[in-house]
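Visitor: Quick note: the sequence shown, position 234, residue 234 per our numbering, numbers continuous.
Calculated directly from the structure, the hints in this document are not laboratory data. Careful, some of the hints might be misleading.
Unchecked claim - Derived lysine-lysine pairs resembling PhoX-like cross-links, with alpha carbons at most 25 Å apart:
no.	residue 1	residue 2
1	Lys160	Lys80
2	Lys129	Lys160
3	Lys160	Lys138
4	Lys113	Lys160
5	Lys113	Lys80
6	Lys160	Lys75
7	Lys75	Lys16
8	Lys113	Lys75
9	Lys240	Lys24
10	Lys129	Lys113
11	Lys207	Lys129
12	Lys207	Lys240
Said to hold, decoys possible - Label pairs and their calculated CB-CB ranges:
no.	residue 1	residue 2	range
13	Ala172	Lys240	24 to 32 Å
14	Arg32	Lys113	24 to 32 Å
15	Phe95	Lys240	38 to 46 Å
16	Asp210	Pro96	34 to 42 Å
All of these numbers come straight from a predicted model, not from anything done at the bench. C-beta: ideal position from N, C-alpha, C; glycine also.
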Amino acid sequence: MSKSEIAIRFENLNKKYGEFHALKDINLTVARGEKIVVCGPSGSGKSTMIRCVNHLEAYQSGALTVDGIRMDNSKEAVRKIRDHVGMCFQQFNLFPHLSALDNCTLSPIYTHKVPRAEAEVIAMEYLAKVRMDGHAHKFPNQLSGGQQQRVAIARSLCMKPDIMLFDEPTSALDPESISEVLDVIADLGNEGMTMMCVTHEMGFARKVADRIVFMDAGQIVEVADPESFFTNPRHERSRKFLQQVINH
Numbered sequence: 001m002s003k004s005e006i007a008i009r010f011e012n013l014n015k016k017y018g019e020f021h022a023l024k025d026i027n028l029t030v031a032r033g034e035k036i037v038v039c040g041p042s043g044s045g046k047s048t049m050i051r052c053v054n055h056l057e058a059y060q061s062g063a064l065t066v067d068g069i070r071m072d073n074s075k076e077a078v079r080k081i082r083d084h085v086g087m088c089f090q091q092f093n094l095f096p097h098l099s100a101l102d103n104c105t106l107s108p109i110y111t112h113k114v115p116r117a118e119a120e121v122i123a124m125e126y127l128a129k130v131r132m133d134g135h136a137h138k139f140p141n142q143l144s145g146g147q148q149q150r151v152a153i154a155r156s157l158c159m160k161p162d163i164m165l166f167d168e169p170t171s172a173l174d175p176e177s178i179s180e181v182l183d184v185i186a187d188l189g190n191e192g193m194t195m196m197c198v199t200h201e202m203g204f205a206r207k208v209a210d211r212i213v214f215m216d217a218g219q220i221v222e223v224a225d226p227e228s229f230f231t232n233p234r235h236e237r238s239r240k241f242l243q244q245v246i247n248h
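Could you build the full structure based on these sequences and the hints that come with them?
Guide: Quick look at the structure:
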């Protein structure tokens with residue numbers, strides 16, 4: 001794989017919170033356009049790993065390269081990387097006093113200095129992509145959880161990222177809303193967006209992922225294509241996790 005084809009590269013990445021070793025020698029390469037689903041038990045380091053990509057978490061040792069930019073913890077590197085990386089969290093983090101449209105135009109206007117009229121055209125384009133253009137002038141409290149999450153995804157897309165990170169984007173949603181949001185994420189993947197998604201939705205993982213990354217106790221235990229992971233996991237920890245998920 002040539003450098004130009006690599007979107008994210010983790011090299012022996014280590015992260016500690018005091019004495020707690022949250023990430024242990026993480027090595028992973030994500031190809032441009034690849035859809036990675038990260039799964040594993042709670043506390044295994046999944047969210048911490050993807051939050052390192054845009055410096056929401058700082059690591060102590062190893063190396064991380066995102067879109068050709070080496071993350072060296074400098075403000076310049078962090079700013080450049082965040083220009084390329086969008087993120088969607090468990091909580092929607094929409095401004096309650098702003099409409100869906102205004103939530104989406106805020107960053108382009110104030111971060112990229114896009115004129116308001118142009119920002120609104122861009123915002124409507126991405127609200128349409130997540131099937132929320134009909135709700136552009138509604139406020140968050142007028143929207144369901146799934147609708148708010150789709151607005152949050154549109155807000156990230158308005159910054160035109162090369163990479164999208166999803167940190168358990170459906171964990172706060174009801175079953176009907178979960179499918180709405182997962183369908184939108186799947187559509188983005190089908191259009192070639194590079195994605196890393198932490199999720200417990202194993203049906204989605206099996207259908208959408210190019211590769212499954214299984215983590216446990218701060219380590220990457222197994223990396224496999226979905227069919228291999230679900231039908232013939234190589235590691236005992238993977239097998240136990242899948243049994244628990246399926247029986248649950």
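Visitor: Give me the numbers of the hints this structure contradicts, sorted from smallest to largest.
Guide: As far as the earlier hints go, not one is violated by this structure.
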